[in-house]
Every structure is written in C-alpha cells, then in structure tokens.
Amino acid sequence: MRRFRFGSMPNLARVAIYLTFVVSLVMALNALFTSLILVTHADDLGKYRVTNFYKMDAEGDVPTSPVESVSGRSEFWVETLFGEYRFRRMPRILAVWVSAEALVYAFLFFIAVTQLSNLFEEICSGRPFGAANVRRIRRIGFSLLGMAIIGALAQLGGLLIFWNDIHVPGTQFFWQFLLYELQPGLLLVGLVVLGAAEVFRAGARLQEEQDLTV
Amino acid sequence: MPIGVNLDLLLVKRKMKLTELAERVGITIANLSILKQGKARAIRFSTLEAICRELDCQPGDLLVYEREEQ
Numbered sequence: 001m002r003r004f005r006f007g008s009m010p011n012l013a014r015v016a017i018y019l020t021f022v023v024s025l026v027m028a029l030n031a032l033f034t035s036l037i038l039v040t041h042a043d044d045l046g047k048y049r050v051t052n053f054y055k056m057d058a059e060g061d062v063p064t065s066p067v068e069s070v071s072g073r074s075e076f077w078v079e080t081l082f083g084e085y086r087f088r089r090m091p092r093i094l095a096v097w098v099s100a101e102a103l104v105y106a107f108l109f110f111i112a113v114t115q116l117s118n119l120f121e122e123i124c125s126g127r128p129f130g131a132a133n134v135r136r137i138r139r140i141g142f143s144l145l146g147m148a149i150i151g152a153l154a155q156l157g158g159l160l161i162f163w164n165d166i167h168v169p170g171t172q173f174f175w176q177f178l179l180y181e182l183q184p185g186l187l188l189v190g191l192v193v194l195g196a197a198e199v200f201r202a203g204a205r206l207q208e209e210q211d212l213t214v
Numbered sequence: 215m216p217i218g219v220n221l222d223l224l225l226v227k228r229k230m231k232l233t234e235l236a237e238r239v240g241i242t243i244a245n246l247s248i249l250k251q252g253k254a255r256a257i258r259f260s261t262l263e264a265i266c267r268e269l270d271c272q273p274g275d276l277l278v279y280e281r282e283e284q
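So the protein lines, in turn, are chains A and B.
Residues 1 to 214 in my numbering are what the first sequence lists, from first letter to last.
Residues 215 to 284 in my numbering are what the second sequence lists, from first letter to last.
The following block holds chain B by itself, in its conformation from the complex (with noise of 0.2 Å):
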C-alpha cells in the first residue's frame, strides 16, 4: 500500500499504547491495529480528526506517501 501509517513513531512520541489511544478515539484495538500494520483500506475523516485530536499532529504527520518502485 503506497500509503503509510506512522502511527508507531507518534505513539512513542506521545508515550501513549494503543489500548489507551483506541479507548480515547472510541474504535477497538483490532481496527486500530489494521491501521497500524498498514493495512487498511480506508479511514473515515472522523477517525481521522479523532487520531489527530489525541495525538496532537496533522494528518500528515500520521499519513505519508511513499511511492511504490516500478
């Protein structure tokens, strides 16, 4: 997936864990994870807001294109 998830880096940052972070954004951990490991499909702009409301980034620090080699 040529979008990329550093959701990693900022929970470090934050020195928060994922149970904490899905309790506060109000999805379950297994979706979290999904967005974790990259493999989503989509995400909805609401949890999107709710990520960088917790967090306290931009999307663009959340979400990074990275182009695929051809």
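Chain A with its partners taken away, still in its complex shape (with noise of 0.2 Å):
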C-alpha cells in the first residue's frame, strides 16, 4: 500500500488542490441554491435572510470621544458602522444579476481549480512547458481577473440601485468601501499569473527546439 507522504511537494499539492476543488463545489452549490430562491422569490423576501453587509452589535450607548485600549497602546473610537439591510422584496433585475454573478463566481473558480490541477499534474509528470500549460495558465489568469470584475460589479450594480433607497437617520454612507470591493489584490495576482504564462511560453519554445535536438 502506496504511504502517504506528508511534505513531499506532489502529494501536499495534490492534497491543496482536492480540498480547493471541494471549496469550489461548494461555492458553486450555494451560489445555485442562492439563486433560486433569489429568482424565484424576489417578490417576496421576508422570510430568508438575504443580507449584504456585516453586522456589527453595538452594545450599550456608542461612544462618540476616542476610548483607550485595554494596554493603552493604542486609541479607537466609532467612525464608521457597518449596517444590515434585510431585503423585503427585491428587483427582480437585481435579483438576476446578483444571482449571476454568483454563479459566474463560482465556475469561474471552478475553471481555475481544475485548470490548476491539470497543471499540477503535468508538471508532476516532468512535462511543464508545454503549449497546453501555456493555455492553462492564462486561463487561470483570466479566471483570476473575471472574478476581481466581477466581484466589483455586482456590489456596483446592488449600489447603484439601492443608492437612494437607504437612509438609515445619523449614518452617513461610507462609499470608500467599493475600492476595496474592487480587489486589487486579486487584479495583480491575476496579471501576474498571466505574465507567469508568457514566461511558459517561452519555456515550451526552448522545450520544443530541446526535444527536436537530436
């Protein structure tokens, strides 16, 4: 019986890789449960917990004067509360749209993760310039960036329909939040993926001569 080895890179990458691809199933599965019940009952939302932002208790009064931490290293106070909207009823456009996201999300990570796995392997084999890593890299890369749009659109399309729909009295909408609904982190993993790619291609020329040098 094959033992399995623990810090060997194959195995631990494999291991990597199953678990993301599980992470992904699931994703995919909530984003299609999610948009069911978002399509299907956009009308009338009440009952399901469709909520978009964290929620923050506050306990008490909030203090408005800065309050020193337990170590006194520091000092915070209340500037901006993150509110809980539960929709009622929902446009059904924004329904659609949301849900679409979601489910484009989902097998856009889905596409990344097998993409990534069949990379995996071939680079297991000894094979890893090759033109299909080549594909499958910038398929990746652009899954990666797909997901970053994406993500940003559909907090953008949500804003842009609610905009002046909520008026929670004493807040004032904090609006800088979007850059960060923009990830940028994901943005310049997903570019540099792609310039990883044309590092492969390279790679799969200077293997192509190799392997027709007799």
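Hints are supplied without guarantee of correctness; some may be wrong.
[What the hints assert, rightly or not] Negatives, chain B to chain A, calculated, CB over 12 Å:
{"no.": "1", "residue": "N220"}
{"no.": "2", "residue": "R238"}
{"no.": "3", "residue": "Q272"}
[What the hints assert, rightly or not] So the derived list for chain A, only partly shown, Cβ under 10 Å to chain B, looks like this:
{"no.": "4", "residue": "E208"}
{"no.": "5", "residue": "E209"}
{"no.": "6", "residue": "V214"}
Worth flagging that the hints you see were computed from the coordinates, not collected in a lab.
Predicted model only: the values in this text are computed from it and were never measured.
Yeah, the Cβ is synthetic: ideal placement off N, Cα and C, and Gly gets one too.
Join the two chains, each given in its own frame, into one complex according to the hints.
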C-alpha cells in the first residue's frame, strides 16, 4: 500500500488541489441554491435572511470620543458603522444580476481549480513547458481577473439600485468601501499569472527546440 | 527545411536497420526518426560523429543543403 507522504510536494499539492476543488463545489452549490431563491422569491424575501453587509452589534451607547485600549498602546473611536439591511422585496433585475454574478464567480473559480489541477499533474509528470500548460495558465489568469471584476460589478450594481433607497438616521454611507470590493489584490495576482504564462510560453519554445535536437 | 538528411540512403547502402543504428549510436528510435523525417531542428556534434562512425561516412554524405525555391 502506497504510504501517503506528507512534506512531499506532489502529494501536498494534490491535497491542496483536492481541498480547493471541494471548496469550489460548495461555492457552486451555494450560488445555485441562493440564485434559485432570489429569482423565484424576489417579491417575497421577508422570511429569508438575504443580507449584504456584516452586522456589528452595539452594546449600550456608542462612544463618540476616543477610547483607550486595554493595554493603553492605542486608541480607537467609532467612525464607521456597518449596517445590515434585509431585503423584503428585491427588484427582479437585481435578483437576476446577483444570481448571475454568483454563478459566474463560482464557475470561474471552478475553471481555475480544474486548470490548476491539470497544470500540477503535468508539472509533476516532468512536463512543465508545453503549449497546453501555457493555455491552462492563461485561463487561470483570466479567471482570476474575471472573478475580481465580477465581484466589483455585483456590488456596484446593487449600490446603484439602492443608493437613494437607504437612509439610516444619523449615519452616512461609506462609499469608499467600494475600493475594497474592486479586490486589487486579486487583480494583481491575475496579471502576475498572465505574465507567468508568457514565461511558460518562452519555456515551451525552448522545450520544443530541445525536443527536436537530436 | 533547407537541410536534407540522407539517412535512408546510407542505411540501405550499409544494409542496416534504423533500430540497429539507434542502438549503436545511443539515441532513441524516436529521435532518429525525427532526424530521418527531416523534422529535427538541430543535431549535436556528438550525435553526428556517432552516426558517421557507425555508417562509415562523412557529414557531407549525411547532410545536404537544398536551396529553397523562392
């Protein structure tokens, strides 16, 4: 019986890939289930907890002046509150928009994971530089870029519809959080992966030259 | 490819098979087939030397330059 080798890159990579594959399946199923509820019950979402922002419970009065931390090394004060809004009714166009975004996001993630799995198999088999691997890496890069852009578009779409609909007394909408929704880290990683694809393309050319050298 | 390989002709003259030559030269049959079919991009001097030794020929007997018609 083959012993499972911890610390060995090939087996470790396979474990990581399999776990990520499971995550992608969970994401896809979650997106599918959520989409079905959103699209079929857009006019009656009251009984479903369809929320967008994270909720921060406030205990007692919210302090307005700076509060010193327990250690005394820092101070903080409340400036931004994350509100939770629960949809009673959602415009169907927004329901479709959000559902499509979730499904496409999960699909792109699944694509990236499967391509990465095939790429790892080829690399572990001693064939890292080839035209097929270049295509796989490019697909991974474009999937990452797509995930970053779609995530931002989904948030933007929702905000455009609800911009004038949400007025909570005593609060001001913190629009700067949109910058975080753009996921600049994911965008950068996607671009780096596309750059790596070009490196592998050059490697594939050298490999072909090597293979055809007698 | 402007460089032609006369391996077939030399093998017939020496009455040797491709598999036997590959074994004597120390390269795979696949690589020798690539050379024979004219698909090779480059040939190492060590391989050229080994082929010429086994087929008792000169490099000019094995490789010919064929000018491409424009």
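Interface hint status, A:E208 versus chain B (Cβ within 10 Å): holds, 8 Å
Original post:
Minimum Cβ separation between B:Q272 and chain A greater than 12 Å?
Top reply: holds, 18 Å
Discussion item. Using the nearest Cβ pair, does A:V214 come within less than 10 Å of chain B?
Written reply: With a closest approach of 5 Å, the A:V214 hint holds.
- Confirm or reject the statement that B:R238 sits farther than 12 Å, beta carbon to beta carbon, from all of chain A. Non-interface label stands for B:R238: nearest chain A Cβ at 15 Å, farther than 12 Å.
**Asked** Hey, does the A:E209 contact hint survive, CB to chain B under 10 Å?
**Response** Status holds, d = 6 Å.
Checklist entry - Does the claim that B:N220 lies off the interface hold, with its Cβ farther than 12 Å from every Cβ of chain A? => result Per Cβ check, B:N220 is outside 12 Å of chain A; nearest 15 Å; holds.
The structure shown violates none of the earlier numbered hints.
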